[in-house]
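Please take these sequences and the hints and turn them into a complete structure.
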Amino acid sequence: SQKIEQNSEALNIQEGKTATLTCNYTNYSPAYLQWYRQDPGRGPVFLLLIRENEKEKRKERLKVTFDTTLKQSLFHITASQPADSATYLCALTGSSGGGADGLTFGKGTHLIIQP
Amino acid sequence: EAQVTQNPRYLITVTGKKLTVTCSQNMNHEYMSWYRQDPGLGLRQIYYSMNVEVTDKGDVPEGYKVSRKEKRNFPLILESPSPNQTSLYFCASSPQGYYGSPLHFGNGTRLTVT
Chain H
1 SQKIEQNSEA LNIQEGKTAT LTCNYTNYSP AYLQWYRQDP GRGPVFLLLI RENEKEKRKE
61 RLKVTFDTTL KQSLFHITAS QPADSATYLC ALTGSSGGGA DGLTFGKGTH LIIQP
Chain U
1 EAQVTQNPRY LITVTGKKLT VTCSQNMNHE YMSWYRQDPG LGLRQIYYSM NVEVTDKGDV
61 PEGYKVSRKE KRNFPLILES PSPNQTSLYF CASSPQGYYG SPLHFGNGTR LTVT
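Heads up: the sequence lines are chains H and U, in that order. Oh and the first sequence: position 9 is 9 in the numbering used here, straight run, nothing missing. Oh and the second sequence: position 66 is 66 in the numbering used here, straight run, nothing missing.
Just so you know, these hints were derived from the structure itself, not from any lab.
Straight-line Cα separation of at most 30 angstroms, DSS-like style, residue types lysine-lysine; simulated pairs:
#	chain 1	residue 1	chain 2	residue 2
1	H	K17	H	K55
2	U	K57	H	K3
3	U	K57	H	K71
4	U	K65	H	K3
5	H	K3	H	K71
6	H	K107	U	K65
7	H	K57	H	K3
8	H	K107	H	K63
9	H	K55	H	K107
10	U	K57	H	K107
11	U	K71	U	K18
12	H	K63	H	K3
Spelled out as structure tokens, the structure:
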């Protein structure tokens with residue numbers, strides 16, 4: 001069956017260090033992979049999208065990699081700050097398109113940046 | 001300001017009493033969707049709409065109805081709510097419902113059914 005796996009345990013990182021979050025998937029052939037940030041009780045906020053033919057995407061302190069051979073995406077936050085503390089969700093879109101109607105979310109990783 | 005607006009933010013109701021959660025977006029997006037989020041289960045899609053008058057079931061549609069009579073509005077209807085529908089609900093929209101179009105989410109509706 002299709003599965004998206006993110007670390008269910010909270011990730012504690014010291015301020016200023018790089019935080020790396022992992023998203024692994026099985027039985028998908030995603031054309032796109034997205035990362036969202038979610039704060040408690042709020043809706044997810046879109047951060048980055050990476051396509052299957054892209055290895056890496058950057059936006060300010062954020063970097064996403066996408067390895068379709070390993071079936072894995074890594075999400076990096078460099079020079080992390082306490083304000084980066086949140087839950088981060090990865091989401092996949094199937095290669096058949098259907099776009100957002102086929103968007104499936106992982107359960108998210110809770111990131112805590114310690115001052 | 002571009003946004004997805006859900007109302008109400010909090011709702012407590014009793015089993016069997018019909019309710020509607022409204023969702024409106026001001027970005028002229030074609031695609032809209034409803035999700036529920038439960039601890040340990042993550043976000044699960046209830047229904048989606050690719051455009052006006054076009055709706056389809058997501059992963060967990062049982063017990064819910066939707067309609068899309070206008071582009072901006074996508075209400076979620078619970079005809080006879082039950083306690084297992086207690087959850088945090090999110091409405092989302094995107095410009096087009098394909099090719100990985102990023103979703104814009106509302107701030108959620110926390111529903112409790114007693």
